[in-house]
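Two chains, each in its own frame: build the complex with the hints.
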Amino acid sequence: MRLLRFIPFLMLALLATSCADQRSHAQAVYMLVDTSGTYSQELDKAQHIVSYLLGTLKSGDSLAVARVKSRSFSEKDIIAKVTFTKDPMQVNNQKRAFVDKIGTFKTELKKGSAYTDITGGVIQGAEFLNETEAGQKTILIFSDMQEELDYKTVRDFPINLKGIRIIALNVTKLTTDNVDPRRYMGRLEWWEKRARAAGATDWRVVNDLEHLERIFKGRG
Amino acid sequence: MDSWQALLIWQGNPVLSLLVLFVMVIPILYGARQAMHKLLHALSRAISNPLRLGSRWLFKSAEELRRRNKMVLLSHGREEIAQGIAKEFDRVTNLVQRDLHGYPALQRKLMDEITRIEEDFQKCGEVPPPPPEWTKAVAAIAKIKPSSDGLVERILEDISNSIDEIYEKIIAEYRESSKKRHDILKGFMPFWRSVDQSLNRVDKNMTGLEQSAARIDEQMEKFKQINANTENAEHTLASSATILFVISLLVMLIAAGGAFVNFWLIERPMEAMVGGSEYIYGNLQASYLAAMVIIFFETLMGLFLMESLGYTHLFPLNGINNRMRRWMVWIAFTILLILAGVEVALAVMRDMIVAADVALKQELAGGAAVAAAANIGWALNIPKAAQMILGFTLPFALAFVAIPLEYLIHSGRTVFGVLLVLGIRGLGIMARFLSSMTLQIGKGTEYLYDAVIFLPLIIERVLVNRGSQPGGKSGDMAAFSKRSAGEHVL
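For the record, the sequence lines run as chains V and A.
Going by the working numbering, the final residue of the first sequence carries number 220, and the count climbs one at a time with no gaps.
Going by the working numbering, the final residue of the second sequence carries number 490, and the count climbs one at a time with no gaps.
These aren't lab readings, by the way, just hints derived from the structure by calculation.
Small disclaimer: the values here were computed from a predicted structure and weren't measured.
Since no wrong hints were added, every one of them can be taken at face value.
Taking lysine to aspartate or glutamate pairs in the EDC-like style, the calculated list, with each CA pair at most 20 Å apart, reads:
| no. | chain 1 | residue 1 | chain 2 | residue 2 |
| --- | --- | --- | --- | --- |
| 1 | V | Lys101 | A | Glu363 |
| 2 | V | Lys86 | A | Asp351 |
| 3 | A | Lys222 | A | Glu210 |
Non-contacting residues of chain A with respect to chain V, defined by C-beta distances greater than 10 Å in every case (computed):
| no. | residue |
| --- | --- |
| 4 | Arg52 |
| 5 | Leu265 |
| 6 | Val348 |
Quick list of the computed label-pair ranges, beta carbon to beta carbon:
| no. | chain 1 | residue 1 | chain 2 | residue 2 | range |
| --- | --- | --- | --- | --- | --- |
| 7 | V | Lys76 | A | Leu380 | 43 to 49 Å |
| 8 | A | Ile382 | V | Glu210 | 31 to 37 Å |
| 9 | A | Leu249 | V | Ala197 | 53 to 59 Å |
| 10 | V | Ala197 | A | Val348 | 49 to 55 Å |
Cβ coordinates follow ideal geometry from the N, Cα and C atoms, glycine included.
Isolated chain A, as found in the complex (with noise of 0.2 Å):
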């Protein structure tokens, strides 16, 4: 027998005997209401109450780390802000040692060549002397009428003919002086051009350092909000670390897609170094092992190598002076180009391994396709040139990586804490919803329970009402009380 079916009062009819049974139990369950609500009370509010702190907790830690974000924030900006505007001066020092250094002395020359002009368009104002006095005395002999006297008209002849004389001989000096004019303002053509180019140069170099003065005030600008705290500021940073994360990403994955290609390329004659048969750990090989140390020594020196060169910041490399670092410039390179003749090397062997395998296997197959294959020899230098190449520049291709990772890891800061913040705000929504559900749950079960033994409650109520109507006040046990009516906690 089942022992729930012990329960019955009469085996036959279960329906009947739950009744019995419940009615049997309803008095129990009023006896118990005041203690089974402050149970349940207790019970939700045990829950309740540390979600509801650990909610708190979590928003406040959410908030510090908000805080903390947006000062490490500020302060790289700030930082990055202040290295562009030192790189700003730095280029406008360098702009105007190398151009408006030798400004004197451009200005002498322009100044000299200027002099020049004027005292050769001087030179182009002088025209010839005028006619002599007694042209005009012959110009009023020549205005007498012709008249029928011989000699007037001989004389006049005479005259005309002198006249044209001088005429020519005045034209002929004045297109020579013309001619000299001309001679001197062609003459000024070198000075125009020298002065153009000399003011194109200075015009240049003045843009030039307008365009730096302009990009100096830009970065002031974002200085001055970044100084002030300002949200806005806070904004730009955030979401330009966001982007250059993501670019910065984009191109790590471009760079292990190389490495990816790298590993292959020297894991076969790897394997003929270290041997194929060993395994460091698990199904790693120590050849696959191998191969990858040799690409991420290829990056560390790629690191150093960009570290050194001063287009990474990612080691405090402050404390060296120059020439150390032209030392460690040399040393990288130098490792670097030994290791790109490494690969080369396994290159060549790795195509010696391949070609080795496939005459193997053609032997076993029955050695029919050796010779089909002597025939286009040529054609199978290709892949061992291409695999030549490729071994040379993925090393020094990866040295770029440095640039990319330290882009990567500044950027990757911020996000990671913008994400990080998100998701204990969202953990805290989380514990403050489930607080709040608990609670309520605590309520609704109470109800039901008062549901469950309507009968006696509103027998309570009614007797309670009936006692306090003159003036009584209702006890501690009444049912559905003031207290309990809407009271909505959240």
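Just chain V, with the same shape it has in the complex (with noise of 0.2 Å):
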């Protein structure tokens, strides 16, 4: 008879997990910094945008920098990352922490690689972000989305980014693009093509650095 008096009490407390959100409003960001070749030149310009998204993310909010190089599929290439835990005062810890290895990755980086895999990146990314279970996911592709694969690498199979978004950064125009801007044009469209055919939720560029908070206008 005992046991029936924690009855109300197990009722309440499967109310309560059943009235909590299921729903994950966390977000996870993977940015690609693109090194390979002159590209790897920008790396300041991706510190900076690395400090916005730190300024930005909050407690429970994922962040990865990967380095874009000749082949890109590879955890190795993961920079650093981080989960933010609850605790405000840990979150800022572990926000020293992040921008401390990026620093060091940009002061021991001596040359640019060969090639530059980008889709390679994007699939490491995608895996990345589905793995957080976040609520929302985006990949941040700081590069000149110009794609050199050397001929061993298979890139041209169908992706799947479902459920994250593309933000493609300070996509610099090359020697070549300035010849003929259609080239420009159509790497853009191509990458924007292939990333809404993989099922990505947006696709947009943000090449105006003093306004990275267009990087998060009008998520859902």
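Pasting the structure below:
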């Protein structure tokens, strides 16, 4: 009979757990930093973006920064990754450690890679983001979006980016783009088509790094 | 080809085709006239009758509700006035017990003082004894006219000297006596003052009693009016309830503003405690709910505190004795004090979190501003202190919400009751209006139908009139019958 007394409490506990929102409100950001060729000189700007992201993300959110090199579909290419804890003071420490890691990477990087495997990085990013089970998943591609693969690397197959937003940042114009701007437009168009075909929820290009708030503008 | 074109007799001439069709249809319409009239009548009635019934029911309900509202309002007013009268009587009792209780002593004191004053006054009336009788003889001798007789002159001189001496002695005695009387009069002063103060106190008490009596009279008059169920009493109570409702609502809105400030003061540190990434439902964060729970808990404790102190009567606490009530006061006050302390701690924590955030952002931006901020460190403590003060005072300020809340609940019943009656009456009027409109539309359609088949109707009227001229009666088929002419139903 004494056990019966606990039934209302059990029911209340059950009600409380059923009331809790199962939907994840956290967001996960995976930033790909192009370190190939001359683009590796843009790393200062990438660091600025990382600082912005660290200032924006909150407890429960995840952030990873990975490099894009000749073959980028590897966990080893992730420079730093973190999922922020619930304690805001601890979060600040995590952010400081993250900044340090990026700084170390920047100073240690001597020269850029020969090829640029953006697709491999995107697939790796999608894998990371899906693992986080965050409500908002974003891949930031800090690159000129010119993919160059060696003859052994295979990337011409359909990829899955369902539920992921793709934002291309600081898409610089190449010398050939200046000769014929249609190359630049065509390159962006090709990537957008590829992202949307892969099921990406959004595709956006943000070149003005003074207005980084546009990265998260209009997220649902 | 369109379906309507299939009806045309001559494809090239639609007007003529339609005209011929119209002429062909008229006899059919005429034949179906009575049935159509009945159909239209039935249709309009089918809509208007339920509307009319509904309207009647709504008016009846509104009347019933008004009656109930009146009953509740008068009962509430009666209760309030009874409480007011009881309070006035309490005040009078206290006044009588506190002040009039000492009246015998005061009276005795006054009597003693008055007796003493009388005695002293009697003493003031004592004058020095008159000059001895020989003074008259001396005065007679003094009247002797001066002559050359030296003896007489010497006698007169002696007499004059003696009189002068006596005079000076008497004057000295008189002055001494006056001084004594003045001293006695001077001694009156404290007694007069004491008597004046005592009388003033009595006057004040009497005035207080008089005012209380006037207030009781006023309340009794209202009580009588309420008992007599007068319209005036109802209107007075309703209007005072409306004013009270508006004022309470205003105060509650101000309190809501305070609660809002309180919420933002503790939300951030609560995020650190329960986790900022936890969501309860939709976009409602767990930290928001936790902060709201603390504020609601503070309000609740305030409610209990006010209830236990007897400022509000939201809960039936008549069953508990004064000892228990005192316990409740202390418990509610202690919990409120603890919560205020928690808020102070949260305010400090909030300040720390904000400072850490600012420091991090400065570091991310390059760390240039850190040194500048260090120079004005004392100024940074001002918002911290303000947050702490707010954190401590707001819970106690929120406790007073109980008073306007009680008035809002009590007056809200009356105001919403009146609004509900108005709404139901409005619906009733609308239903009646729609009912009348439907009926009139039905009639209008009947007339329109007759207007379309006017030609056979005119022929029919002529024939009927011709047939009924010798004294025959017109049939039911007659167009524009007397019954239908000028009939309006509203």
